[in-house]
Amino acid sequence: LMAACVAVAVNPKDERYNQYIGKEITVPIFGQKVTLIADEAVEPEFGTGAVMICTFGDKQDVRWWLKYGLPLVKAIDKQGKMTKAAGKYEGMSIPECRQAVISDLKAAGFLYDQKSLDQNVGLCWRCDTPIEILSEPQWFVKINHEGILKAADEINWYPEYMKVRLQNWTGTMEWDWCISRQRIFATPIPIWYCKKCGEVMIAEESWLPIDPNENVPKKPCACGSTEFEPETDVLDTWMDSSITALHVSGWESEHDLRLPAQIRPQGHDIIRTWAFYTILRSLALEGKRPWDSIVINGMVLGPDGHKMSKSLGNVISPEEVTTQYSADAFRQWGAVGGSTGSDVMFRWKDVVSASRFLQKMWSIYRFSMSHLKDFEPADAENFPLESLYTIDRWLLSKLNRLVETTTKELDEYQFDSTFKAIRGFAWEVLADNYLELVKGRLYGEDAEGRKAAQYVLYTTTRTLSLLLAPFIPFFAEEMYSRFDSESVHTRAWPVVDESLVSEEAEAAGEMIKNITGEVRRYKSDLGMALNSALKKIEIYNAKIDTGDIAGATNSEVEPMEGAPSFEYVPVEVKPNMGLLGPRFRKDAGAIVKALQAEDPAAVEAQAASGKITVTVNGEKIELEPEAVEIKKEVISGGREVDVLDVRGAVVVIVR
750 LMAACVAVAV
760 NPKDERYNQY
770 IGKEITVPIF
780 GQKVTLIADE
790 AVEPEFGTGA
800 VMICTFGDKQ
810 DVRWWLKYGL
820 PLVKAIDKQG
830 KMTKAAGKYE
840 GMSIPECRQA
850 VISDLKAAGF
860 LYDQKSLDQN
870 VGLCWRCDTP
880 IEILSEPQWF
890 VKINHEGILK
900 AADEINWYPE
910 YMKVRLQNWT
920 GTMEWDWCIS
930 RQRIFATPIP
940 IWYCKKCGEV
950 MIAEESWLPI
960 DPNENVPKKP
970 CACGSTEFEP
980 ETDVLDTWMD
990 SSITALHVSG
1000 WESEHDLRLP
1010 AQIRPQGHDI
1020 IRTWAFYTIL
1030 RSLALEGKRP
1040 WDSIVINGMV
1050 LGPDGHKMSK
1060 SLGNVISPEE
1070 VTTQYSADAF
1080 RQWGAVGGST
1090 GSDVMFRWKD
1100 VVSASRFLQK
1110 MWSIYRFSMS
1120 HLKDFEPADA
1130 ENFPLESLYT
1140 IDRWLLSKLN
1150 RLVETTTKEL
1160 DEYQFDSTFK
1170 AIRGFAWEVL
1180 ADNYLELVKG
1190 RLYGEDAEGR
1200 KAAQYVLYTT
1210 TRTLSLLLAP
1220 FIPFFAEEMY
1230 SRFDSESVHT
1240 RAWPVVDESL
1250 VSEEAEAAGE
1260 MIKNITGEVR
1270 RYKSDLGMAL
1280 NSALKKIEIY
1290 NAKIDTGDIA
1300 GATNSEVEPM
1310 EGAPSFEYVP
1320 VEVKPNMGLL
1330 GPRFRKDAGA
1340 IVKALQAEDP
1350 AAVEAQAASG
1360 KITVTVNGEK
1370 IELEPEAVEI
1380 KKEVISGGRE
1390 VDVLDVRGAV
1400 VVIVR
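If you read the sequence shown in the numbering used here, its first letter stands for residue 750, the second for the next number, and so on.
Be aware that one or more of the hints could be misleading.
The calculated lysine to any residue pairs, modelled on SDA-like cross-linking and capped at a C-alpha distance of 25 Å, are [unchecked claim]:
1. 891 / 818
2. 899 / 1014
3. 1157 / 911
4. 830 / 848
5. 808 / 925
6. 912 / 1109
7. 1098 / 1109
8. 891 / 903
9. 1157 / 909
10. 1323 / 1396
11. 1380 / 1332
12. 944 / 903
13. 899 / 1021
Because the hints were derived from the structure by calculation, they are not lab data.
Fair warning: this is a prediction, and the values are worked out from it, not measured in the lab.
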């Protein structure tokens, strides 16, 4: 760009050049005379400390050109070739001209040094070709910085911190919005130029829409001429996109304008374009903000953590995912993948996890439906809630808390936490606990108890189908079809039934759940099948109904008052080989036999006194208490029992 050099700038504090400031200097090879000016923006330590101001190499050139009122020289044309201003280099491509100038500088003795420098160079986002700045007439829209910032504050941002991006962009913009583009395909600019006087003719509102390339103005120019040249530039794509809020609010119709719209969902990468220009457009045309809320989503990253790109080879086709795992699994992955505003990395294992939840949910649904064949929607109306069991009230309370949580989270557009809450409830609360606890009633002969469980299953699965509808719509539609002939997507969002929310019911239900879990763990530790019957289970000081515990454990369960009495009887001496082996080596086996032959109660008494004495081959050997472990049986009421540790209750299992 030496051909377009119109000045040279130095820092006023750079003593190397102080004596030359204000004087004319000659540009090598091209010969034009330019002035040396002083500007504090010049970095003395960068390169030679002297900067050629060319029209235009970068934005700083534009700033200096405007600041100092410098002349404009166009050295590059629209085809990327050098113009007549480049002299003998006219017609060369930019790379060709660059090499030719370097060669000529060397030949003329002007090249003092040649180094590689790191520079910020704009590149084409498609092919990485360096971008050159051309000076061409353009159309602009005036930017109302204060109005945009005020409107941004009136909008609810989700997440809130994304608003800072728009504020920063607005505060650093140095020029107005250039709305014209030199392209082939885009929206025409409805403008003509009078061939006679050059006056600009802008289409009147009643003429729109109109294409200046196909139609002429519907009135003559002020000079009387009817011959016009159409504007060949087209509109910036954001001129089209920025009308969206007005369009959906009925701006073009004859009805009342419903502005602001409710919401704008969009990516964080276009905050400074789509969001910014939409706010600008709405303020300019209607003086209002375009929407009440804006929800910002992140970018989808490839499995390698980088933005998906064909050039990187990390693009995953949506069809590939939906064909293998279903659209609902794909949507679920998108909802759970990250919090609002954050980027989401695509991982196959997350889609597999989503698919597994669908399979789990289908199992829950099928099980529930198999027990609701004789339960009709009418049965749920005016159901006598007093017939519900404790665990029924526990589930319904948790279900209504789930409705409360998901409603609040969706109001804040927190899709990931919303779905995780639903998934946790369905998998852990409903499937792992409630269904296991009520199987006894569902398969049993107690009609009233079965009807209560059916009511809870009906209410819970119907509510879940409503909660799941925004996330897995096809699955939710299939679920809901059992309850209603209408679509789930036409139904109202569930509301909290405060009468069913009870901390007391939840505490009692947790007790039932925990007791059942401990009994199952007890059976597992003993190698028993989970459906094996125990002789008897006694539960002390727990104010709960125990019917569901009995059904879930396949055992007799009896609630007990008061506190149980226990006697711990020593029944076995277990030598500590970790201690005896290293100390006695070959004699350790004999010592073990001797200890095991002793009365466990006597060994326990000796251990309590501080030492244990055992005779081996006529020799008395003294051992520390740590040399043995005394196994004890628990006796209660003359019976051998096991005691389980459950917070808030004492659980006694009679052997």
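### Query
So which of the earlier hints does this model not fit?
When the structure is compared with the hints, numbers 6, 10 and 12 turn out to be violated.
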